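Q: Given next are the chains, with one letter for each unit.
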Amino acid sequence: MRIEIKDLHFTYPSGVQALRGISLTIESGEQVAIIGQNGAGKTTLARHLNGLLQPTSGEVRIGYWDTRRYSTAKLAARVGYVFQNPDEQLFSRDVHMEVAFGPKNLGYPKERVEALVSEALEMTDLLQKRETNPYDLSPTWRKMVAIASVIAMDTPIVIFDEPTTGQDAATIERIANVIRVLRERGKTILTITHDMDFCAENFERVIVMSQGQVLLDGKANDVLGQEEILATTYVEPPQLTRLGKRLGFKETVRNEEEFLTALQKRWRI
Amino acid sequence: MAIVNLHNVTYKYPLTETPALQNVNLRVKEGEFVAIIGRNGAGKSTLCYTLAGFVPHFFKGELTGSVEVAGMDASKSHLHEWVLNVGLVFQNPFNQISGAKYTVFEEIAFGLENIGVPRDEMKVRVEEAMRLTGISDLADRSPYSLSGGQQQRVALTSILVMQPKVLVLDEPTSQLDPIGAREVFGVIRTMAEQGMTVVLAEHKVEWIARFADRVVALHEGKIILDGTPREVLTSDLLLDKGFGISRYTSAARKARELGLWRQEQLPVTLEEAAEGFALTPNASPKRRCESK
Ligand SMILES: Nc1ncnc2c1ncn2[C@@H]1O[C@H](COP(=O)(O)OP(=O)(O)OP(=O)(O)O)[C@@H](O)[C@H]1O
Ligand SMILES: Nc1ncnc2c1ncn2[C@@H]1O[C@H](COP(=O)(O)OP(=O)(O)O)[C@@H](O)[C@H]1O
Ligand SMILES: [Mg+2]
Ligand SMILES: [Mg+2]
Chain A
845 MRIEIKDLHF
855 TYPSGVQALR
865 GISLTIESGE
875 QVAIIGQNGA
885 GKTTLARHLN
895 GLLQPTSGEV
905 RIGYWDTRRY
915 STAKLAARVG
925 YVFQNPDEQL
935 FSRDVHMEVA
945 FGPKNLGYPK
955 ERVEALVSEA
965 LEMTDLLQKR
975 ETNPYDLSPT
985 WRKMVAIASV
995 IAMDTPIVIF
1005 DEPTTGQDAA
1015 TIERIANVIR
1025 VLRERGKTIL
1035 TITHDMDFCA
1045 ENFERVIVMS
1055 QGQVLLDGKA
1065 NDVLGQEEIL
1075 ATTYVEPPQL
1085 TRLGKRLGFK
1095 ETVRNEEEFL
1105 TALQKRWRI
Chain B
42 MAIVNLHNVT
52 YKYPLTETPA
62 LQNVNLRVKE
72 GEFVAIIGRN
82 GAGKSTLCYT
92 LAGFVPHFFK
102 GELTGSVEVA
112 GMDASKSHLH
122 EWVLNVGLVF
132 QNPFNQISGA
142 KYTVFEEIAF
152 GLENIGVPRD
162 EMKVRVEEAM
172 RLTGISDLAD
182 RSPYSLSGGQ
192 QQRVALTSIL
202 VMQPKVLVLD
212 EPTSQLDPIG
222 AREVFGVIRT
232 MAEQGMTVVL
242 AEHKVEWIAR
252 FADRVVALHE
262 GKIILDGTPR
272 EVLTSDLLLD
282 KGFGISRYTS
292 AARKARELGL
302 WRQEQLPVTL
312 EEAAEGFALT
322 PNASPKRRCE
332 SK
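For the record, the sequence lines run as chains A and B.
With the first letter of the first sequence counted as 1, position 124 gets the number 968 in this note's numbering; the numbers rise by one all the way through.
With the first letter of the second sequence counted as 1, position 46 gets the number 87 in this note's numbering; the numbers rise by one all the way through.
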């Protein structure tokens, strides 16, 4: 499902101008990473997509629905949002109930709810913890519960707000796998992240935000190679991209495979 | 002289069966910057809580062995004594805001106010700390209406401003933008050079390699490695146990198999990687030509 944002402005009641004219189109089935400095407006933007916030001016369309004309309950069937802080999202007594809440609430038949819940728990490695109270889990596991409860809703659009925060390498790989599975199913995915290696290794399109505006938007290799511009929004290219630059590679590399290929080319072997 | 001395520490949370820490021995010298790495659930936070007195004073449970930090002894000292000497930045910044203050400035000044630091000195210290963590422009904002990364910076600043003898940081950069994270490591490094003792749990191995003096790897509650960043971060054991390593180290491992990494040592920093990869590999075109 397509997302269209036109000249979006948003000012919090306190007077902070968090978004200052964002225009973007994300096509159905695209996977996009959003990066940029703390306070750039990434979370504020995400909250507009499921109607948690309404534009001060401009518009947001979710598959031709103008978010101003549809309730958050209606939008929930189209956009799943994994909160940056899982504690704002979780409220149930146990993991299973938490993950089942969304699909139940969308009115899916019982069998479909159970199938979606089991699958979501399996993808997030939570099967053993289905009876645990989310508040007895560590913050990293709570984030996994937040992810499971959103993917169980099977919405055409899924937004992840910093899914890899504080996670170890194996869990990051698990989250990357969740994203791969959703991609194969044709979901539209937006992922906000500060982890540049994760960004480079999992997304083809990258949007860079700075002070409420879009600074860069394009193919991952083109965007992640622009070291000076990225630095203005406190972003550094991924590790291997920086290394490739140091070694004088002509093309921008963003993962191990590209790096090793460029290295071999350099020594012509 | 060790300012932190854990001897045979084993700790079990109430109502649990497996100990979260098992036979941990750790000595940290004054002014040393030690990074703790480990997978989720390895015991990093529990170790941080132990150093900061929260284990056993807040979490209760069963602690054996001895814990001495900054001249205090866990079996004798109380938590209120502990917090005067040891600062803890919690893993979850969303829980650290005191709830008592209206502005970010007041929030950061809260601890100093509690210990009766005079108004003038307080102002200077708070402003300096806010400058170091890049939040000067947030001074008059409400601590509740901040972005995730801004909240984490506030939480960190409110501990730094106390200038504790021992600073314990549990993943303090998890929500920070990439350059912000590197800068915070730099600030912590500077504090260690000025004599503060720092223990930091983190996943960002690139910055650990560049800024820490020493790395301790925790696995299932036990210390499995303890050494310089290079020794620990290039160890095969880390790979076996599924720890995250830097892209530099893993690319060099692969390159070594292809004959494209010649050095004995694997790199842990960008500089080392750039140096090593710039060397002509064994199977260089030049040598191949000569042998024809
Ligand atoms: N509830 C709120 N009330 C007032 N201002 C807010 C609120 N939430 C966020 N802001 C402000 O809006 C701006 C954008 O915040 P936002 O949370 O969207 O940033 P972000 O890009 O997600 O940052 P981070 O990477 O730190 O999560 C910041 O200046 C922030 O302080
Ligand atoms: N408050 C608690 N009560 C019971 N068990 C806990 C508590 N906090 C952590 N644990 C358990 O202790 C072990 C170590 O956890 P933790 O110190 O949080 O690891 P890390 O910080 O490395 O992810 C885990 O098995 C975890 O489930
Ligand atoms: Mg955010
Ligand atoms: Mg932890």
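It should be emphasised that the hints constitute simulated quantities derived from the structure, not laboratory data.
This one's a predicted model, so the numbers in the text were calculated from it and none came from an experiment.
It is possible that part of the hints are untrue.
To be verified - Subject to a maximum C-alpha distance of 27 Å in a straight line, what follows is the list of computed BS3-like cross-link-like pairs (lysine-lysine): (1) B:164 - B:282; (2) A:973 - B:53; (3) B:117 - B:70; (4) A:973 - B:282; (5) A:973 - B:70; (6) A:1109 - B:295.
Q: If you check each hint against the structure, which ones fail?
A: Hints 1, 5 not satisfied by this model.
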